[in-house]
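Student: Here are the chains, one letter per residue:
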Amino acid sequence: MALKRRRAKVGAALIIVAFGAVLLSLTFTSQYTGYVLGTVVVTAIAILSLNLLMGYAGQVSLGQAAFVGIGAFGAAQFATWNVPFPLTIVLGALLAALIAAIVGLPSLRIRGLQVAATTLAFGAVAEYFLFARPWTTNAGQVTVTRPHIVTTDKAVLLTGLIGLLIILIIDRQIRHSRVGRAFFSVRDREDTAAARGVKVGQTKVQAYAFSGFYAGVAGGLFAYLLQTVSPPSFTVFTSLGYVAAVVIGGLGSWSGAIVSGAIFASISQLLSGIATYVPIIEASLLTLTPVLRPEGLGFILNRSILIPLPAVRGEKSDELELSKAIELIAPPKRALSLSVPTRSLLIAKDVGVRFGGLVALHDVSMEVRRGEIVGLIGPNGAGKSTFFNAVGGFVKPNTGSIHYRGKDLLALPTHARAGLGIARTFQQVGLSGPQTVWENMMFAQHQLAIGYGLTSALLSTPNMRTVEKELQMRARAALEVIGLTDYTDERVLNLSHGNQRLAEVAAALATGPELLMLDEPFAGVGPEESEQLAQRLTELREELDLTILVIEHDVPLVASLCSYIYCFAEGGMLAEGSPDEVQNNQDVISIYIGEPIEKEAALA
Amino acid sequence: MTAIINGILSGSAYSLIAVGFVMVYKGSRIFNLAHAEIGAFGLFIAWYLQQHKTPILIAFVIGIIVSTLVAIIVERTLVRRLVDRTPLAALACTLGVAFILASYEFIQFGVNIKTFPPPFGTFSFNVGNLTVTSSRIMIFVFAAAVAVGLAIFLKGTKFGLEVTAAVSDKTLARLSGIRVDRTRMFVWALAGATSGIAAMLIASVNTFTPLSTTLVLIRGLTAALLGGLTSITGAFVGGITIGVVEALVTAHTTVQGADYTAVFIVLLVALLLRPQGIFGGSEA
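Chains as they are written, first to last, in my numbering: chain F, 1 to 604; chain W, 1 to 284.
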């Protein structure tokens with residue numbers, strides 16, 4: 001990691017050198033070169049805007065040029081109202097941010113890439129309606145008068161470089177704060193993100209707004225560079241070109257975005273001999289990149305020293321004492337509400353869930369007491385995960401009630417439930433595969449980072465740094481407690497399945513939970529490791545004062561781990577009781593012996 | 001009234017695009033941004049042949065075959081490698097395909113405005129004071145036939161059910177003897193054919209250039225989303241809805257781009273109020 005630290009420093013130094021070189025060259029290049037470099041800078045910022053949206057937050061915009069255009073027309077318009085110079089760009093960018101957020105609004109309600117269609121449709125609206133109206137254009141174009149401090153192309157280039165630098169700093173602050181971590185976790189796993197307290201819809205709209213802001217800055221600079229703003233610069237085709245550039249640059253790689261933006265801005269001039277074929281070359285690269293090299297140019301850059309990989313803090317040098325680690329992530333002492341019988345943490349009454357005509361859960365009642373390890377068993381399709389999802393807020397029960405510490409859980413949105421001290425793992429490991437274990441530890445603590453907001457994140461306030469330091473300590477402590485410190489900087493998808501599950505438990509622990517809900521934590525874990533994990537969980541219950549609800553198929557394992565067991569079958573409660581009682585229950589025995597036969601029947 | 005009939009007729013063109021788009025989405029869970037362009041490619045080939053004295057009906061059939069082949073090639077060479085990747089990767093890749101086809105059309109055939117004759121001859125009849133031409137009625141007939149045919153095919157035949165099963169649970173489908181890859185290829189081929197038909201019929205009503213496909217795609221996508229993205233009937237109704245909205249808007253205002261704006265607003269509001277679309281349900 002010392003290596004990575006050094007890389008980060010070298011990376012920063014390289015950026016400074018690059019900026020310095022361009023600045024120096026300003027003194028002896030022509031105004032025309034200044035103009036060309038200006039377009040490079042503007043394009044780079046536009047591509048960075050798409051990189052934030054698509055690369056960081058996993059959302060799509062097929063109409064990004066519209067936001068660049070709004071920034072350009074906005075800045076031009078504000079200039080005619082005698083708004084002083086740099087402020088025109090900022091106001092234009094804020095306008096673009098606002099409209100981008102509106103266009104991204106459907107992402108509040110829908111998952112996946114369907115928003116792509118609204119952004120594409122908006123691109124057409126901007127091209128054929130917004131930019132073609134008298135309020136944006138005067139006989140097809142708006143003239144921008146440069147202020148006396150930036151009269152030449154080279155001066156505009158200089159302004160552009162400053163703009164690029166500011167955007168890069170904002171981008172860095174976003175990546176290294178809870179703002180960006182929310183983006184990443186929404187991109188990779190919306191359900192996990194929500195379970196960790198991320199307001200998924202709001203996060204997506206925020207990404208659209210940020211992206212619109214970047215794009216607007218690019219547009220404002222473009223207006224001053226060109227001095228006339230006209231609709232043909234902001235067509236749907238420009239937007240699609242931006243998508244090509246960001247994909248080829250490598251989604252999520254800011255340096256790739258800059259390099260790719262620079263190439264896109266200058267390629268027609270560099271290859272003027274075969275200019276006709278440039279679009280087809282770009283298109284082929286866009287087609288092949290996702291298939292052959294999903295990391296795009298970022299793949300090459302990642303190997304060089306240009307990209308500081310995620311800053312790393314898993315230093316071996318100051319290893320944590322285990323006892324200290326446990327102290328760090330122990331849950332805050334919460335007073336139980338008086339109206340609840342003292343030992344009950346989670347009470348579910350007559351919970352029923354229906355999907356269309358299918359009954360997934362039928363009148364299930366359950367109680368989890370403080371300090372207990374409770375098992376939940378039953379064959380596939382018995383409704384175990386559905387019950388977890390009802391507690392977590394991913395499905396809405398049609399009947400019944402679920403209370404946690406006397407609070408009505410069903411009245412709370414999904415993301416708010418994390419704040420109550422409930423942490424869960426998912427049947428399909430709920431971690432961000434492409435990110436490192438360390439980053440996942442940080443993502444997980446979203447709810448805890450509540451101590452600072454957007455402004456603190458952008459300005460890197462002392463408060464933000466204190467909170468971040470605490471989160472890092474907690475992350476390290478959780479890894480220490482689970483015994484995964486060796487894998488801190490490994491990407492999750494490179495871990496064995498068992499270790500992925502352990503990492504997910506560690507991530508859940510980092511949030512300082514009171515109730516830990518584990519969905520098949522032993523699946524894919526070898527028998528020896530399973531026993532170790534079970535042993536560790538029992539110890540943690542003591543050390544961290546944890547309450548655990550665990551779904552598991554392996555009946556002997558559950559029996560050894562739990563003090564009370566519920567058995568579901570076909571959506572209903574089949575049996576409950578002590579491990580002995582449940583294991584000797586005739587219904588349970590017949591279900592478990594009968595299961596393989598049923599499975600075959602289901603496949604036929 | 002005239003506007004509504006007009007809207008239904010032009011909307012059925014969007015329906016035809018949307019239905020194919022929904023097919024691909026149902027059959028491979030891929031947001032195929034190249035869908036309209038695959039059809040347009042067939043159109044350009046047919047147009048070229050027609051310009052060189054090929055009878056229009058033969059050109060029409062060749063156009064359909066070309067679109068089908070392009071769809072199959074795209075499925076076999078690219079989509080197959082992307083089904084297990086992130087949806088974003090597939091979206092970017094299909095966008096690239098659309099780009100390649102459009103750039104090729106651009107280089108080969110130029111930007112100038114082109115016309116394509118109605119494949120089924122020219123005739124017309126009057127409804128009130130509205131003259132309905134052969135190509136416009138043919139679009140409607142084709143769109144309705146394709147939508148009904150596909151709906152029956154997907155719900156009523158064994159192979160159709162396999163298509164849906166292949167997407168909802170790949171492993172289970174494989175275990176039950178469904179050849180997932182073959183099913184997906186078939187769906188893509190079918191969608192390619194409908195896209196080709198749609199492109200040629202739309203071109204026989206309007207003029208076209210290599211740049212006009214995107215605008216068709218926008219309406220097709222919007223129609224598919226209004227319909228809930230997985231419902232053939234929904235896509236059909238969605239297309240008609242857009243056609244009517246556009247026709248009503250253009251009948252009442254001459255402001256340029258007002259039709260796109262109306263479509264965009266309908267889409268935005270519809271997605272916010274009813275994100276699952278008009279016909280989208282819990283259906284996988």
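A few of these clues could be false.
Rough simulated footprint, nothing fancy, chain F against chain W, three-plus residues with beta-carbon under 8 Å [said to hold, decoys possible]:
{"id": "1", "segment": "146 to 155"}
{"id": "2", "segment": "211 to 217"}
{"id": "3", "segment": "261 to 272"}
If you're looking for bench data, these hints aren't it; they were derived computationally from the structure.
Quick reminder that beta carbons are idealized off the backbone N, C-alpha and C, glycines included.
Student: Identify every previously stated hint that the structure contradicts and give their numbers, smallest first.
Tutor: 1
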